[in-house]
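J.: Produce the complete structure using the sequences and hints provided.
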Amino acid sequence: MLNAYRIELRRSPLLTAFPVMIAVDLLVLFGRSRYWIGVWPEASVAAQVVTLFLGPVLAGVSAWQAGRSSRAGMPETVLASARPLWQIEAARLAATLTLGFLAYVVGCLTAAVISFGEAGSGFLWPSYLLLGASTLIIFASVGHLAGRWWPSAAFTPVVCALGCFISMLALPFKFNVLAGPPDQHLRPLPVAVRLLFALALAALAVTAPPLRGSAERQMPRRAAPLHIRGVAIGSAAASLIALAAVPAAGELRVDRPASATEPLCERAEKGAPQVCVWPEHRKYLPELTRMAQRLGQLPEPWLKSPKAFHEFGLRRNKWGDGGFDIAEGHVRTAAIAMADRVFTESLGICTPPRRESRAWQAMDNMRLWLEYRSTGQDPAVADEGLHMEGVSAAQREATKAVRMPEAEQEAWLDQERGHILRDPSWCKPDDRF
Amino acid sequence: MTTDPVARLTALTQGYGGRRIIENLDLSLQPGVTGLLGPNGAGKTTLFRTLATIAPPQSGQLELFGRPVTNEQQARRVRRRIGYLPQDFGYYPAFSITDFVRYCAWLREVPSGKADSATREALAAVGLADRARDRMKSLSGGMLRRAGIAAAIVGSPPLLLLDEPTVGLDPAQRLDFRELIRSLARAGTAVVLSTHLVEDIGAACDTVLVLSDGQVRHSGTPQQLAELATPTAPGDSPLERGYMTVLGSHRPNGGAAC
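Protein sequences, first through last, are from chains A and B.
At position 130 of the first sequence the residue is numbered 130 (my numbering), and the sequence of numbers has no breaks.
At position 72 of the second sequence the residue is numbered 72 (my numbering), and the sequence of numbers has no breaks.
Take the hints with a grain of salt, since some may be wrong.
What the hints assert, rightly or not - Per label pair, the in silico range of CB-to-CB distance:
| no. | chain 1 | residue 1 | chain 2 | residue 2 | range |
| --- | --- | --- | --- | --- | --- |
| 1 | A | 123 | B | 135 | 41 to 47 Å |
| 2 | A | 229 | B | 224 | 45 to 51 Å |
| 3 | A | 155 | B | 135 | 21 to 27 Å |
Unchecked claim - If you want a taste of the chain A side facing chain B, the calculated C-beta under 10 Å gives, among others:
| no. | residue |
| --- | --- |
| 4 | 70 |
| 5 | 72 |
| 6 | 421 |
| 7 | 424 |
What the hints assert, rightly or not - According to the in silico footprint, chain B covers these stretches of chain A (three or more CB under 8 Å from chain B):
| no. | stretch |
| --- | --- |
| 8 | 78-88 |
| 9 | 292-305 |
Derived by calculation from the structure, the hints in this document are not laboratory data.
Cβ atoms here follow ideal geometry from the backbone N, Cα and C, with glycine treated the same way.
T.: Spelled out as structure tokens, the structure:
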């Protein structure tokens, strides 16, 4: 089998297209985003997302390859072969998959090497890589089966490539994920079900009998041995069962328990609030500790920082999660959460009546001022590229305030606080976290 | 002297889609070179497909190498010992000649340790050793046929079925082909070949079978077929006239091979 596999490998059109596949691989990897660099789960997802683009290429080439025997007039030679048909088909599919996986592996290794410096110890998460691998197997197997049943040099490959891509995006249940925050992980069962579906489909692609009307069926032929027919029927059934089990297996990505790993905690100096993050987010820790340090050095004594800021997912309780998150690599989202935390720590949870618009405005002003203080940047720099339409009034006020001398900022803060606490009953201490 | 037949067909009936092409045929193929002559539609290709174990008999029995072939498992076992060149011989255009022949060796389960040397030998036998790396799509019709013959003989199968192997070969290549067939037969290979070129039969075959309407109308040596010729039979050689005589005696208006 190895010999035919080698020949198929050498003569695969994917070999010619390999540089293009690598280019697509790297283009998707680096073109989509860069924040994954240095974060193992995000890097794993970035490498896995590539399969959404490599997959259609594989489906098309696989369909082309599988139909080649019929198009080249080989069925009679194949039927006269001592080799069982499944071995011939398996060598062909294996060659297609090998080149597809090779391109995938290049992407994965690139993601790993690029990430290693910032991410530190660890590696790409196998669950995400397996998910990507199942996507590739599914695409290649569907293409192979379609190519065998409807051999065509262009129509079937194109329909397969486009059809697979569209159905992957349109299906109500997902075969891929687009983000991999460290506070979430993939559940083994849904991944296993998807992998099982992929493998069953691959088995079906190589053992399925030729379709009625195909070149192999034009001439009388002996029926495949009973055990091969059994495998074909079994893999068809397994494919259907696994597909039905995909939605039944539940959510693919779920919250990762805090107990799964030891958080990484650090404080900039004694007395400054501590910052705890998932170890996979180590690259953000220096910046976050500086932000926490700034929030620990606020001018007014009534502005209190918590002892520690925890990243989202590390301190979940029945009320939810008061942690900060880092959305798509932006620590500004962490600043928002940290500012809110300082606010509630200092004033409690405030819910003035709706008509008290000045109090609400003061709350927005103070929160944004805290954000600016935590970033340590001028608002013009800190807000660059952000959509601030909903808080433009607060942006104006907080910007003006943060640029004032320290004493004037204190006066401004007292004034805003006065608006918020005009009726002390509007604010209640936060005892959720 | 009698030897064990390589293939034996007993009361074989064969056809496609309700149409009977061969009916109640009894045939025994001996070692050596057997030529199959017959007009188009006589059942030659159907007979080849039956011998190659592709098409199971509708009724009757097929025995190869002394064993009945009744199911796919038995068929697979004997296919390792059969080299088959179909009339409509397909190939993968992007393959090199070596890859193609090597691939066919794999299809026939030639042991992988011997496949490379068997491929080289087969290519040398058909005179394509110096073109081994050429792509199949770059070959002329005659060269393609030679590559097909190489694919059929790779691994030296004891039974060689060649359905119109000389189509597209130029006269010199046909002479080489005849010599190749004779040398294979001398080495113990049983060769069955069909052709419309009667002179190939005369030059290369030990036995000639004339097939018409799914029945063997004559079985004997080429010399015996030539001796059947009537003075009025059309043809340019005694063998051609003998062939036309046999066909004529079974068809009201005679029959032409080409």
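J.: Next step is simple, just say for each hint if it's right about the structure.
T.: Hint-by-hint comparison with the structure:
Roughly 43 Å separates the CB atoms of residue 123 of chain A and residue 135 of chain B, a value that falls within the hinted 41 to 47 Å. Between residue 229 of chain A and residue 224 of chain B the Cβ separation comes to about 48 Å, which falls inside the hinted range of 45 to 51 Å. About 25 Å separates the C-beta atoms of residue 155 of chain A and residue 135 of chain B, a value consistent with the hinted range of 21 to 27 Å. Checking residue 70 of chain A against chain B: minimum C-beta separation of about 9 Å stays under 10 Å; hint holds.
For residue 72 of chain A, the interface hint holds, since its Cβ comes within 10 Å of a Cβ in chain B; the closest pair sits about 5 Å apart. A least Cβ separation of about 80 Å between residue 421 of chain A and chain B goes past the 10 Å threshold, and the interface hint is therefore violated. Residue-level restraint check for residue 424 of chain A is violated (minimum Cβ-Cβ distance to chain B is 83 Å; threshold 10 Å). Given as covered by chain B, the stretch 78-88 of chain A passes the check, having 8 residues with a CB less than 8 Å from a CB of that chain where 3 are the minimum.
Requiring three or more residues with a Cβ within less than 8 Å of a Cβ of chain B, the coverage given for the stretch 292-305 of chain A is violated, as only 0 such residues are present.
The earlier numbered hints that this structure contradicts are 6, 7 and 9.
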